[in-house]
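Listed here are the chains, written in short residue letters.
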Amino acid sequence: MGEVIDKTILSDEECARCIYSPFHYSESKNKLKREAFLPKAGDDCISLLRLRYCNYDYCINHGLKISNPPDKIFCVIAVLTQNILTALNENFDTDELKASIVYSPMNGNDYVDTKIPVYVDDANVSTPMHADIKYNKIVKIGEVQTQMRRYASELCKRVKYAKISDIKNGVWYQKAEFDENNK
Amino acid sequence: MCTYTFKLDDKLVERVRPAFRDDYAINEWLQSQLETFVRQFAEKLAPRKNKSNKLTDRILELSNLKENWDGYGAVKMPTKVISNCKAFVNALTKYKIKINANDFSPTPYGTIVVDVNTPKGVISFEIGTSQLGYFTEFEGSSNRHSDGINTDFQEIPEEVKTILNV
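Chains as they are written, first to last, in my numbering: chain D, 1 to 183; chain P, 1 to 166.
Hints are computed from structural coordinates only; laboratory data are not their basis. Here a beta-carbon is modelled for each residue, glycine too, at the ideal position from N, C-alpha and C. This list has only true hints and no planted wrong ones.
Among chain P residues calculated to face chain D with C-beta under 7 Å, some are:
| no. | residue |
| --- | --- |
| 1 | Asp-70 |
| 2 | Val-75 |
| 3 | Ser-105 |
| 4 | Thr-107 |
| 5 | Tyr-109 |
| 6 | Gly-128 |
| 7 | Thr-129 |
Taking lysine-lysine and the DSS-like style, the derived pairs with C-alpha atoms no more than 30 Å apart in a straight line are:
| no. | chain 1 | residue 1 | chain 2 | residue 2 |
| --- | --- | --- | --- | --- |
| 8 | D | Lys-29 | P | Lys-96 |
| 9 | D | Lys-157 | P | Lys-161 |
| 10 | D | Lys-31 | P | Lys-98 |
| 11 | P | Lys-120 | D | Lys-29 |
| 12 | D | Lys-31 | P | Lys-161 |
| 13 | D | Lys-72 | P | Lys-76 |
Turn these sequences into a full structure, and let the hints guide you.
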């Protein structure tokens, strides 16, 4: 067995979110949409991949599996850290809404019991490097979520992101803002 | 085919008569000139119609989204949200608020976001089954938001009219 996956998300640990056009990203404006950081109905989580336990090639392959052109095109990887969420939690103008990155390995579509140790090369866990942005609020179907949208909008301005074709060349957008939050 | 009657100044017609073989030729020429003019005017009006069609197409596109359209388990758009969105767009159009079809976005939990660009910045609306939420992202001025106004979406709520300056 390889290394055990750390249950603690480090403050500067980079986590990736696969972003799809057109719903999460505007090709014409080259801009992330806040909707990329909103959970589904009945949920409070948004999937991430921990770059401490995988590389960009893995993220790209993962994203391409979900890609379904022309309706849903995997085009961008966004990267964030716990530091960014901590700063947002402190500066957001209401104490009611918070978010943090949590350890949440997955096997297929099922979460793995977090009490069980999970290994990098675990045969029983398909996505050991999975993590979630977890809000302190579950959203309901058809119910407006102004606070969460405002939060997601601010988050969008702080993450760094790159087109999948540019990742190897190191072309990142909003890198300065990202670095500022991870000093 | 419709028939329209026009009155022309005789002296004016006399000035162009030498260029035509007879009155019938003048009539034909006037007919073709008028047609060209009306066609050009119709083309000028066409973009407005196209824009409205684009909005309708975009709402239709959102209503056709299937379960899990984002690959992360997003829900199908509730029909009530779609009808509210149509009503809200109609209400905004009445006040000549410019909306771009690309600024409509679905959320994974079944609401529709409409971002309206204003000279001050963006007003982001969210249309739910029974409420309208919004927040502003204005540069250098105080921002406002609402966690949800109960509305039937037929009319723009007064609070929102103030934000939109209408």
